[in-house]
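So the sequences go chain by chain: A, B, C and D. The numbers in the numbering used here rise by one with no breaks, and the one at position 230 of the first sequence is 230. Counting from 1 along the second sequence, just add 1000 to a position and that's the residue number in the numbering used here. Counting from 1 along the third sequence, just add 2000 to a position and that's the residue number in the numbering used here. Counting from 1 along the fourth sequence, just add 3000 to a position and that's the residue number in the numbering used here.
FYI, nobody ran anything at the bench for these hints, they're computed from the structure. Hints should not be assumed to be uniformly reliable.
[Claimed, not checked] So the derived label-pair ranges between C-beta atoms look like this:
id, chain 1, residue 1, chain 2, residue 2, range
1, A, K134, C, E2179, 29 to 35 Å
2, C, V2036, D, V3036, 56 to 62 Å
3, A, E138, B, P1129, 23 to 29 Å
4, A, Q89, D, E3015, 32 to 38 Å
Every residue, glycine too, gets a C-beta built ideally from N, C-alpha and C.
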Amino acid sequence: MAGFDKVVSSYDEALAGLTDNMTVIAGGFGLCGIPENLIAQIRKMGVKGLTVVSNNCGVDGFGLGILLEDRQVKKMISSYVGENALFEQQLLNGELEVELTPQGTLAEKMRAGGAGIPAFYTATGYGTPVAEGKEVREFKGRKYILEESIVGDFAIVKGWKADRYGNVIYRHTAQNFNPLAATAGKITVVEVEEIVEPGELDPTRIHTPGIYVDRLILGTFEKRIEKRTVRS
Amino acid sequence: MAGFDKVVSSYDEALAGLTDNMTVIAGGFGLCGIPENLIAQIRKMGVKGLTVVSNNCGVDGFGLGILLEDRQVKKMISSYVGENALFEQQLLNGELEVELTPQGTLAEKMRAGGAGIPAFYTATGYGTPVAEGKEVREFKGRKYILEESIVGDFAIVKGWKADRYGNVIYRHTAQNFNPLAATAGKITVVEVEEIVEPGELDPTRIHTPGIYVDRLILGTFEKRIEKRTVRS
Amino acid sequence: MALSREQIAMRVARELKDGYYVNLGIGIPTLVANYVPEGMEVMLQSENGLLGMGPFPTEDEIDADMINAGKQTVTTLPGASIFNSADSFAMIRGGHVDLTVLGAFEVDVEGNIASWMIPGKLIKGMGGAMDLVAGAENIIVTMTHASKDGESKLLTKCSLPLTGAGCIKKVLTDLAWIEIEDGAFILRERAPGVSVEEIVAKTAGKLIVPEHVPEMTF
Amino acid sequence: MALSREQIAMRVARELKDGYYVNLGIGIPTLVANYVPEGMEVMLQSENGLLGMGPFPTEDEIDADMINAGKQTVTTLPGASIFNSADSFAMIRGGHVDLTVLGAFEVDVEGNIASWMIPGKLIKGMGGAMDLVAGAENIIVTMTHASKDGESKLLTKCSLPLTGAGCIKKVLTDLAWIEIEDGAFILRERAPGVSVEEIVAKTAGKLIVPEHVPEMTF
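One chain only, chain A, in its complex shape (with noise of 0.2 Å):
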């Protein structure tokens, strides 16, 4: 059965053929859901020239933050700079390449990827700068824009708990992108906190299913907080 296990043992392997210049779709929200140890090997490997698909660009010092410190990013896709110092200094000098894509349409634009979908129409962003150079159409008398699905040469997923054979649950909502971009990837890798045997897990309560699931690694994770409220 060694065709369908998934599972290896470094992070070197994880992400060998990673090179310069390519697309990685990556998952999470915020800080949340990250695939930090994919991230920082990204890093260590020292690749440059990477479009980097992601909502946000992590935060100065962590997630894919730190790719920015390297300059290893050429362009980012993403939804939210936010509070990301570097991220948008770098914008405004122009030293790094951004679209900046609505979160829903990034979304849906990572869904489509993975489903052999190459193109759909989404009301959101018309009449806005996101607009330009896009395709306006009619439907029953409402105006949308034409928006091209993403692939990825790779696509760094966070899971919860995951078999041997990629199939993939996430915790609370630490999902977000995550089934998403693993459907997007050429290559997808996932990096978990618990890997269980096949038949361990529901099989109606998967969020990825195995099939879109190239390389499977145990890690373990600081789950940084970007906003910790709590109530008296």
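Given the coordinates of chain A, assemble chains B, C and D onto it according to the supplied hints.
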């Protein structure tokens, strides 16, 4: 909390407002996971001129097939006629309008309808009769056709368990088209085998969030098996 | 006197209805959750993939894997559901959310809204705001009526890059409740003690003032 | 002699590789599952929403809620996953399935396939076949080489409404293993005891016959 309690107590109430010439989207694949009591209620109501969107049209005498007997259906949007003799006969006679739609395109049309995506491109059906009258467009050297989404006046859905808020889970492959249909109805009606209290269903394994469900009813089901195959 | 942040939230909360699914933006909109009227239930959608958001956690409940769209740690209420970002925006884009409340830099008489960038100066990114304004039928924009320098934010035409075109019909500022109809702002209510004259002076776009403009009470 | 249904399935099974995700159509293709080579594992996808399909159930295991795309009662294997129809066809349309095996009425030298209707006579509907042929890189069509009346099903141009255009490269009939390249059929293997002449006679479309055409062995 009346606002989120979707439970109704009779099938009359469940389909109140359904009138002649409406479009009804139905979940189910073959006879698996079909909203059999809601279908029976439509027959009882005697509404005519319906457009029914469903992968199949049941069989002679069960499931959606019973609506053909009384000539309640003006048009079927389906992928498969299969072994349903009455369906094929009415189609060949020209008594029933049928828009044959590839199964994956049909599923995606429902999803798109629920997701506010008016149209999408797919390679499915390019160069076939399905493409007639549809726009052809090339993306990255491959030809695709434009398919528009589907929204129904009503969606009728068969779930397994639901809570009073309308969060639904499906059992095994009885899931099929049901969660997609649920998103695409202006009024979505779900019948289930068991209703539980909010909080009993794990939030990460809900297939249809309650936001999509307008009415929920507890039913009892025959669950007829179309092809009973066993191993020795 | 201009409305406080809390009063803005209280006024928005009067637009809620029992059984509403609501998306509350970051900042003041978030406060609306504190003023849901007695005997009424609303369910909060957070666009990172959560329906049925609860209050902030206690120290013991804090969980890095459970956050809202503002990246704050949160909890879930019974009956919550959690889903991926594509499914979350399917819900939003598909018009299934009953009310969206969000902030803005500017709105104009055509119902345009600008909220995500000031060229050359500030780029937050649009996050989910473009999807929210495109998908919702029912949107309330909350913002201050004018900048600290006294520049009106209710304009004839937005000067900043748009978030959405022709999608805003209701605006609550610190001074007034305003509706947008047929290319004009209509003054529906004023903050307690704020004169119609002050609102007129601070509104750059065409403002229609009905004969009677009631004062909000709290 | 022409291949039996079982031999067709056996021959197709030789195209399997360890770790393949495979979609098997209704009929003969389904039999392929019985001939997966020793020491090799493949996982079966059923387009109604199941990956990791197992054998038919025992009498005790029969469950109306667990069927395959042929509407037959089935079981799941450990490591299976179950999903909705949109997700199932996302998997298929997105090219994630490694091999698709399906039947047909006709194929032609351009790689066109017809399998879902005979105008005025039979309308089965395309079911998932159009999605499968559009989404898969690797497709094997299984069918009889000629009709009972001796009419070839390997044509210059399909006469029936198409299921997909230019998507078929491999065809296994009861007489031969044929590949489609540059507008011609290429005869790669023949059934045991079937002569090249018979195959040539029963192939209407342009057929290239290499010098050596090995006989299949079972």
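How the hints compare with the structure:
Checked against the given bound of 29 to 35 Å, the beta carbons of K134 (chain A) and E2179 (chain C), roughly 31 Å apart, stay inside it. Evaluation of the 56 to 62 Å hint for V2036 (chain C) and V3036 (chain D) yields a pass: the beta carbon distance comes to about 58 Å. Taken as a hint, the range 23 to 29 Å holds for the pair E138 (chain A) and P1129 (chain B), whose Cβ atoms sit roughly 27 Å apart. Remark: the range hint 32 to 38 Å for Q89 (chain A) to E3015 (chain D) is contradicted by a beta-carbon distance near 55 Å.
In terms of the numbered hints stated before, the structure departs from hint 4 and from no other.
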